[in-house]
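Residues per chain are reported as follows:
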Amino acid sequence: MYSRIQKGFQRLLESIVIVLMVTLTGIVLVAVLYRKMGASLSWYDEIASVLLAWLTYYGAALAALHRGHIGFSGLIKVMKPALRIPFIILSEACIIGFFALLAWVGVDVLIILEGDSLVSLPQVPTRLTQSVIPIGAVLFIIAEILGLPELLREAKRPDGFSQHEIPAEMETQTEAAMEVPGK
Amino acid sequence: MTLFFMLFGLFALIFINVPIAVALAVVAVVAMLLTQGVDILPNVALVMFDGATKFPLLAIPLFIFAGAIMNTSGISRRLIAFASALFGFIKGGLAMVNVAASMFFAEMSGSAVADVAALGSILIPAMKKKGYPRGFAAAVTSSSATIAIIIPPSIPMILYAVMSDSSVVKLFVAGIIPGILGGTLMMGVCYWFAVRFSYPVEEVFRLKRLWFTFKDASWAFLLPLIILGGIFGGIVTATEGAGLAVAASLFIGGVIYRELNWQHLRKAIVEGGISTAVVMLLVASSALVGNYLTEQQVPQQLALAITRLTENRYMVLALLNVFFFVVGLFLHSAAAIILVVPIVMPLVNAIGIDPVHFGLIVTLNLGIGQQTPPVASVLITACSVAKADIWEVSRVNVFFVAVIVAVLLLITYVPAIPLFLVNVFYG
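Chain order of the listed sequences is Z and B.
Per our numbering, residue 1 is the first one in the first sequence, and the count goes up by one each step.
Per our numbering, residue 1 is the first one in the second sequence, and the count goes up by one each step.
These are calculated hints, taken from the structure and not from any lab test.
All residues carry an ideal CB built from backbone N, CA and C; glycine is no exception.
Keep in mind that a hint or two might mislead.
Stated by the list, open to error - Some chain B residues judged to face chain Z by a derived CB distance under 8 Å, without partners named:
1) Pro19
2) Ala21
3) Val26
4) Leu62
5) Gly135
6) Ala247
7) Phe251
8) Ile274
9) Thr276
10) Leu409
11) Leu410
Sequences and hints are given; from them, build the entire structure.
See the structure below:
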């Protein structure tokens, strides 16, 4: 059940990230084409920037699920489990606490921004674009909570716990590069 | 005093494994609460959103996306085959192929880690098979990827340009000569190792094979022409160039080579999205810290303190180089650029250092950090591919890192090297 929830959550975030990446690329290409035809799109900069912010927060939640955020685990790794576990709990409390605060103030901002809209596309409310802050923060918290049991399990091991120090892009690129067509 | 507690808090959080992006945001929020009260809290959400909407950074996900497509569509393999036909006849040729392929690949991908992952996975096993020690194979792959990062396009340069408010195109142009110089010097080191330890020749030079591999890779060679030609020619911006790179690599990989693997591509897009988000979250949270530090006038105070000490630009550059080297030991290059560049820019401007010149120094200096443990993303990736111990690789890597240091000193104290082409094109 737990792993099904985790997998489902991961798939949901992955789908959102794929849609955002493809849309961003599409918008940039269409904008170049329009500009070259002498009809620049007025909303291009603003919408692309908003999509980048969305990619940031949805992707950040996915990165949290993979424990892929840049950090320094050297000190925690060399600690004994009895010392390591309280520090890991403290670290998780800081992360979850910060995103809980961000979600809360993010909702506050949505209330403040009622009636505002984008400059280049007045039909798009700013509340919609800014909604990524509270939603992204909640998704980040869920990702942290889902990863917590595995993190604690690893932290209990005397030989240390594995932080993903090898950047994420390595895995698939390595796999892909090694594949020779026809084999 | 608040600043001291901020720094202490930041390091304490980082040492207990809080991600740097979150640690930055936490200390900034605490400092804001202490100095400005709870009314400031809605600003946290606004700044965290605005910080992630920096338009020029849009080039980052696009270059990562393009790199993933190139890698899943056989482009890296063709580049290696061509480099092998070109350099393989020299003693230690496969090591030189590694350096040359890194330089080619760098012209398209912009990320050193992507470079190691893509090329190292093919070349490290091939080198080991030919009898090269795995430590040497990993070291040459790792260091050549770092020197290649100053060859345009370059993701750290895009980050620097945004953080320092300087021209990304000029930075790209400034990287060309030092990048080629560094690559050539690295090939020299490979040759020295090959002669000393009798490394083998890869293949006999055959013009016919060179022509065949060139023809096979010719579409791939069009990519840097499209990307860099478009950007340098002023036809497209860096962001648009990155978009074009995606379109061109999709066309070449999907239509011409017909090797696009959709499953790999899907995974690569997701991983590209994650890599982008990791950097962008850092950018967003550094905006919070940046706002606070600017209000407290910290960068200006730092500039004043150092200019009181010395106004000699060479001394200041030496100090900054040492500072960035130490920062690079402990911080990922993206984090270091985002965190430190806005703080030191007032000093750089006060001393009269060209921001483009300084950008190249920062990029290459932090590249050394990618090779030096404890935080050494590129070295760790190469070690992982080679299945070699980090110290075993580092013992050989010292020689290659020495080349990077030599290039760094050259570009630091002979600004004409990076700025010559910039002055020719934009002077």
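Now for the hints, and whether the structure bears them out:
1. Pro19: 4 Å, holds
2. Ala21: Holds, because the Cβ-Cβ distance from Ala21 (chain B) to chain Z comes to roughly 6 Å (cut-off 8 Å).
3. Val26: Constraint on Val26 (chain B) satisfied, holds at 5 Å.
4. Leu62: Constraint on Leu62 (chain B) satisfied, holds at 6 Å.
5. Gly135: Violated, about 18 Å.
6. Ala247: 6 Å, holds
7. Phe251: With a closest approach of 12 Å, the Phe251 (chain B) hint is violated.
8. Ile274: 5 Å, holds
9. Thr276: Result: holds, 6 Å to nearest chain Z Cβ.
10. Leu409: At about 28 Å, which exceeds the 8 Å cut-off, the nearest Cβ of chain Z leaves the hint on Leu409 (chain B) violated.
11. Leu410: It is violated, given that the least Cβ distance between Leu410 (chain B) and chain Z is near 29 Å, above 8 Å.
In this structure, the hints that do not hold are numbers 5, 7, 10, 11, in rising order.
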